[in-house]
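Number of protein chains: 2
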Amino acid sequence: MLKGGVPGNKVSLIIVPIIAAAGLTIPKSSTRAITSPSGTADSMEVLAPVTFPSEELKEIVSKNNACIIWGGALETAPADNILIEIERPLHMDPIGLMIPSILTKKLSLGVKKLVLDIPVGQGTKFPTPDKGRLFAYLFKEIAANVGIEAECALTLAHQPIGHAVGPALEAREALILLKDYSAGPNSLIEKSTDLAGILLEMGGKAQKGEGQLLAKDILRSGKAFRKMMQIIEAQGGDPNISPDDIEVGPFVKECFATKNGYIVEVNNSFVNQIAKAAGCPSSKSSGVEIIKKQGAKIKEGEIIFRIYSHSESKLRKAVKIYNSTGGPIRLGGMIIERI
Amino acid sequence: MLKGGVPGNKVSLIIVPIIAAAGLTIPKSSTRAITSPSGTADSMEVLAPVTFPSEELKEIVSKNNACIIWGGALETAPADNILIEIERPLHMDPIGLMIPSILTKKLSLGVKKLVLDIPVGQGTKFPTPDKGRLFAYLFKEIAANVGIEAECALTLAHQPIGHAVGPALEAREALILLKDYSAGPNSLIEKSTDLAGILLEMGGKAQKGEGQLLAKDILRSGKAFRKMMQIIEAQGGDPNISPDDIEVGPFVKECFATKNGYIVEVNNSFVNQIAKAAGCPSSKSSGVEIIKKQGAKIKEGEIIFRIYSHSESKLRKAVKIYNSTGGPIRLGGMIIERI
Numbered sequence: 578m579l580k581g582g583v584p585g586n587k588v589s590l591i592i593v594p595i596i597a598a599a600g601l602t603i604p605k606s607s608t609r610a611i612t613s614p615s616g617t618a619d620s621m622e623v624l625a626p627v628t629f630p631s632e633e634l635k636e637i638v639s640k641n642n643a644c645i646i647w648g649g650a651l652e653t654a655p656a657d658n659i660l661i662e663i664e665r666p667l668h669m670d671p672i673g674l675m676i677p678s679i680l681t682k683k684l685s686l687g688v689k690k691l692v693l694d695i696p697v698g699q700g701t702k703f704p705t706p707d708k709g710r711l712f713a714y715l716f717k718e719i720a721a722n723v724g725i726e727a728e729c730a731l732t733l734a735h736q737p738i739g740h741a742v743g744p745a746l747e748a749r750e751a752l753i754l755l756k757d758y759s760a761g762p763n764s765l766i767e768k769s770t771d772l773a774g775i776l777l778e779m780g781g782k783a784q785k786g787e788g789q790l791l792a793k794d795i796l797r798s799g800k801a802f803r804k805m806m807q808i809i810e811a812q813g814g815d816p817n818i819s820p821d822d823i824e825v826g827p828f829v830k831e832c833f834a835t836k837n838g839y840i841v842e843v844n845n846s847f848v849n850q851i852a853k854a855a856g857c858p859s860s861k862s863s864g865v866e867i868i869k870k871q872g873a874k875i876k877e878g879e880i881i882f883r884i885y886s887h888s889e890s891k892l893r894k895a896v897k898i899y900n901s902t903g904g905p906i907r908l909g910g911m912i913i914e915r916i
Numbered sequence: 578m579l580k581g582g583v584p585g586n587k588v589s590l591i592i593v594p595i596i597a598a599a600g601l602t603i604p605k606s607s608t609r610a611i612t613s614p615s616g617t618a619d620s621m622e623v624l625a626p627v628t629f630p631s632e633e634l635k636e637i638v639s640k641n642n643a644c645i646i647w648g649g650a651l652e653t654a655p656a657d658n659i660l661i662e663i664e665r666p667l668h669m670d671p672i673g674l675m676i677p678s679i680l681t682k683k684l685s686l687g688v689k690k691l692v693l694d695i696p697v698g699q700g701t702k703f704p705t706p707d708k709g710r711l712f713a714y715l716f717k718e719i720a721a722n723v724g725i726e727a728e729c730a731l732t733l734a735h736q737p738i739g740h741a742v743g744p745a746l747e748a749r750e751a752l753i754l755l756k757d758y759s760a761g762p763n764s765l766i767e768k769s770t771d772l773a774g775i776l777l778e779m780g781g782k783a784q785k786g787e788g789q790l791l792a793k794d795i796l797r798s799g800k801a802f803r804k805m806m807q808i809i810e811a812q813g814g815d816p817n818i819s820p821d822d823i824e825v826g827p828f829v830k831e832c833f834a835t836k837n838g839y840i841v842e843v844n845n846s847f848v849n850q851i852a853k854a855a856g857c858p859s860s861k862s863s864g865v866e867i868i869k870k871q872g873a874k875i876k877e878g879e880i881i882f883r884i885y886s887h888s889e890s891k892l893r894k895a896v897k898i899y900n901s902t903g904g905p906i907r908l909g910g911m912i913i914e915r916i
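Those protein sequence lines, which keep their order, are chains A and B. For my numbering, count along the first sequence from 1 and bump the result up by 577. For my numbering, count along the second sequence from 1 and bump the result up by 577.
Check before you lean on any hint, since a few could be wrong.
Pairs count within a copy or across copies, as identical chains cannot be separated in the list.
Claimed, not checked - The calculated DSSO-like cross-link candidates involving lysine-lysine, where the alpha carbons are at most 30 Å apart (straight line), are:
hint : residue 1 : residue 2
1    : Lys782    : Lys869
2    : Lys756    : Lys874
3    : Lys894    : Lys869
4    : Lys793    : Lys870
5    : Lys836    : Lys870
6    : Lys717    : Lys876
7    : Lys689    : Lys830
8    : Lys635    : Lys717
9    : Lys836    : Lys800
10   : Lys874    : Lys836
11   : Lys800    : Lys785
12   : Lys874    : Lys785
13   : Lys782    : Lys876
14   : Lys782    : Lys874
No lab work stands behind these hints, which were simulated from the structure alone.
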C-alpha cells in the first residue's frame with residue numbers, strides 16, 4: 578500500500594504569499610486530503626472558499642497574482658477530478674496517476690514553471706532518494722513535453738512539518754508564522770522558504786543560491802502576511818481573521834511524558850492515524866499538535882502531544898489509538914526494550 | 578555483510594566503576610575492535626594494560642571487585658580466541674558465533690549475572706527490534722542453560738554514543754564524564770546508567786525501576802570516578818591520569834558547516850569509515866569527534882566534526898572520505914537534493 582506524504586505539510590500557505598509578494602504570479606491548485614489528515618485545500622478552506630468557476634478564478638488571480646484553490650473543481654480538468662473520486666474510497670494514490678493529475682491542473686491554470694516537493698523517506702511514496710530521483714527525472718521530462726519548466730526538490734519527511742496536523746490547526750499555525758517570523762516553527766520556515774527560494778530563482782527574482790534568503794526576508798518583513806490577507810479577501814474570506822479566531826476542538830486530550838529523556842522519533846504514520854481517528858479531514862477543527870519534536874529534551878510530566886476533536890466519541894477513539902501504539906513520539910533513555 | 582555496532586559505545590568504562598562502587602563484583606571481559614574503530618579493550622588499554630594471566634586477574638578483581646580486560650587473552654577460553662582471529666581478516670562477526678563467544682568468556686570469569694546491550698537499528702547487526710528480540714530470547718535461554726542469569730536491553734543505535742570515536746578519544750571522554758557529571762554527554766550518561774541500573778537491580782542493590790537513579794547518584798557523587806582510578810591502578814596504569822594527559826592526534830582536521838540549518842542525521846557507517854581511515858583501532862590516538870549531533874541547530878561556519886590521526890597521510894585519506902561522502906552529518910534545510 579502506498580502511504581500518504583509527510584503530515585503537517587502546510588508549506589503552500591507560506592510559499593504562495595511569499596511568491597506573490599515578490600511580484601510573481603502563482604495560481605496554486607491544491608488537493609484535498611485523500612489518504613492524509615489534511616490537504617492544502619482543506620486547510621485553506623478554513624480561511625476562505627476554495628472552489629470557483631474558471632471566470633471568477635481569473636479575476637481572483639489578476640487581483641493579487643495568486644490564489645490557493647481546490648484543483649479538483651477546475652472544469653478544465655474533469656478527468657482528474659474523476660480520478661480523485663475513484664482513489665478516495667480505496668485509500669490509494671497511485672504514482673502512475675500522479676503525473677497527469679498534477680500536470681492537467683497546472684496546465685489549466687496557465688502555469689509555466691513549477692517546483693515539485695517530493696518528500697522522501699520511510700512511510701512516504703518514495704522510501705529512498707533513488708526512487709524519488711527517478712520520479713523527479715520522469716516528472717521533469719513529461720512536464721517539459723507539455724511546456725512546463727519543472728524543478729523538483731527531494732525533501733526530508735522523517736517527522737511532521739511544524740507542529741500542527743489537521744485543517745484548522747494547520748491554517749492557524751501558518752497564520753501565526755506569517756504574522757510573526759520569530760514564532761516559527763523552524764521546520765516550516767526552512768522548508769517553505771527553501772521551496773519558495775527555488776521559485777524566486779526560476780522567476781528571475783533572485784540569483785541562483787540566493788532565493789531562500791530573499792524568501793526569508795519577504796516572510797520576515799510581513800509582506801507575505803499582508804499578501805495572504807489580500808488573497809483570503811479575494812477568495813471571499815475574512816481579511817481580518819486572527820489565528821485566535823480559528824476554531825479547534827472543542828474536545829481536547831493532552832498527553833504527557835511518562836519519563837525523562839529526549840525525543841528520538843516522531844512516527845508519521847501514528848500521527849496520521851490519530852488525527853484521522855479524531856475526525857480529520859472531514860472535521861476541520863480536529864487534529865493533533867506535536868508539542869515536542871525530534872531532538873527535544875523532556876522531563877517526566879511535561880506535555881508532549883495534544884489531540885483535538887469535534888466529537889467526544891471520536892476523541893476517545895483517537896486516545897485509544899494513541900495509547901495502544903504507545904504514541905507517535907518515541908522517548909529515549911537509550912533503552913528501547915528490556916528483555 | 579554484517580556491520581559493527583554503534584560507534585563511540587564506551588559505556589563499559591562508565592558502567593564497571595559504578596557497579597563496583599556499589600559493592601558488587603564485576604569482572605568485565607571486553608573485545609578489541611574487529612569491524613569497528615574501537616572496542617572497549619582498545620579504549621581501556623589507553624589507561625592501563627588489559628592482558629593478564631588468570632592468577633594475576635583473580636588478584637586484581639579481589640582488590641576492587643572489578644576489572645576491564647581483553648577477554649581474548651583468557652586462557653580458559655582458547656576456542657573463542659581462535660574465532661576472533663579468524664573473523665578479523667574477513668571483517669565479519671557472525672551472529673551464530675556471538676553467543677558462545679560471549680558466554681565462554683563470562684563463564685571463565687565466574688560471571689553469574691549479566692546484562693547484554695543489543696543495539697538495534699539500521700546499520701547494526703539487528704536492523705529491527707524484532708530481530709534483536711529474537712536474539713535476546715535465544716541468548717537468555719542459552720545463558721540460563723549454562724547457569725548465567727541474563728537480561729538483554731535493546732538500545733538505540735541511530736547515531737554514535739557521546740561525541741568521541743577511537744580508543745584514546747573514547748577513554749578521554751569517559752574520564753571527563755567520570756570526573757564531572759555535568760560535563761556529559763547526555764547519551765553516554767543515559768545509556769550507561771540505564772544499563773548499570775539493570776545490573777544494580779539484578780544484584781539486589783536497587784528496587785525494580787530504581788536502578789538508574791542509583792547509578793546516576795553513584796556517578797554524580799564521584800564514587801565511580803574514584804573506583805575507576807583504583808581499577809586503573811590495580812591493572813598497572815597511572816591512577817593520577819587526567820583527561821588532558823591522554824594523547825590524541827597529533828594531526829587534526831576540523832570540518833565546518835557550509836550552511837545554516839540543523840543536524841538531521843549522523844551516519845554511523847561514515848563515522849566508522851572515517852575513523853578507520855584515520856588509523857583506528859591500531860593507532861590509539863586516531864579517531865573522530867562529532868561536535869554536533871542530531872537535533873542541534875547550527876550556523877554556517879561553525880565546527881561540526883574533527884578528525885584526528887597519528888599520520889599526516891592517513892589524515893588526508895580520512896578527509897578525502899569525509900569530502901567524498903559529504904560527511905557523516907546531514908545538515909537540513911529541509912531539501913535533500915534539488916533536481
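Outcome of the hint check:
1. In the homo-oligomer, the alpha carbons of Lys782 and Lys869 never lie at most 30 Å apart, since the shortest distance is 36 Å inside one protomer and 35 Å across protomers.
2. In the homo-oligomer, the alpha carbons of Lys756 and Lys874 lie at most 30 Å apart both inside one protomer (28 Å) and across protomers (23 Å), since each shortest distance falls under that limit.
3. When the C-alpha separation of Lys894 and Lys869 is checked against a cutoff of 30 Å, the pair qualifies only within one copy, where the shortest distance is 22 Å, while the shortest distance between copies is 40 Å.
4. Taking the shortest Cα distances, Lys793 and Lys870 sit within 30 Å of each other both inside one copy (23 Å) and across copies (26 Å).
5. Taking the closest pair of Cα atoms, Lys836 and Lys870 come within 30 Å of each other both inside a single copy (16 Å) and across two copies (22 Å).
6. In the homo-oligomer, the alpha carbons of Lys717 and Lys876 never lie at most 30 Å apart, since the shortest distance is 47 Å inside one protomer and 33 Å across protomers.
7. When the C-alpha separation of Lys689 and Lys830 is checked against a cutoff of 30 Å, the pair qualifies neither within a copy, at 45 Å, nor between copies, at 47 Å.
8. In this assembly of identical chains, the alpha carbons of Lys635 and Lys717 lie at most 30 Å apart only when taken from the same copy (27 Å versus 71 Å across copies).
9. For a Cα distance limit of 30 Å, the shortest separation of Lys836 from Lys800 across copies, 25 Å, qualifies, whereas the shortest one inside one copy, 43 Å, does not.
10. For the identical chains of this complex, Lys874 and Lys836 are neighbours both inside a copy (11 Å) and across copies (24 Å), given an alpha-carbon limit of 30 Å.
11. Taking the shortest alpha-carbon separations for Lys800 and Lys785, only the intra-copy value of 22 Å comes in at or below 30 Å, while the best inter-copy value is 58 Å.
12. Within a single copy, Lys874 and Lys785 get their C-alpha atoms only as close as 37 Å, which misses the 30 Å cut-off; across copies the closest is 25 Å, which meets it.
13. Only between protomers do Lys782 and Lys876 lie at most 30 Å apart by alpha-carbon distance; the minimum there is 25 Å, versus 46 Å within a single protomer.
14. In this assembly of identical chains, Lys782 and Lys874 lie within 30 Å of each other by CA distance solely across copies; the values are 29 Å between and 40 Å within a copy.
Consistency with the previously given hints fails for numbers 1, 6 and 7, ordered from lowest to highest.
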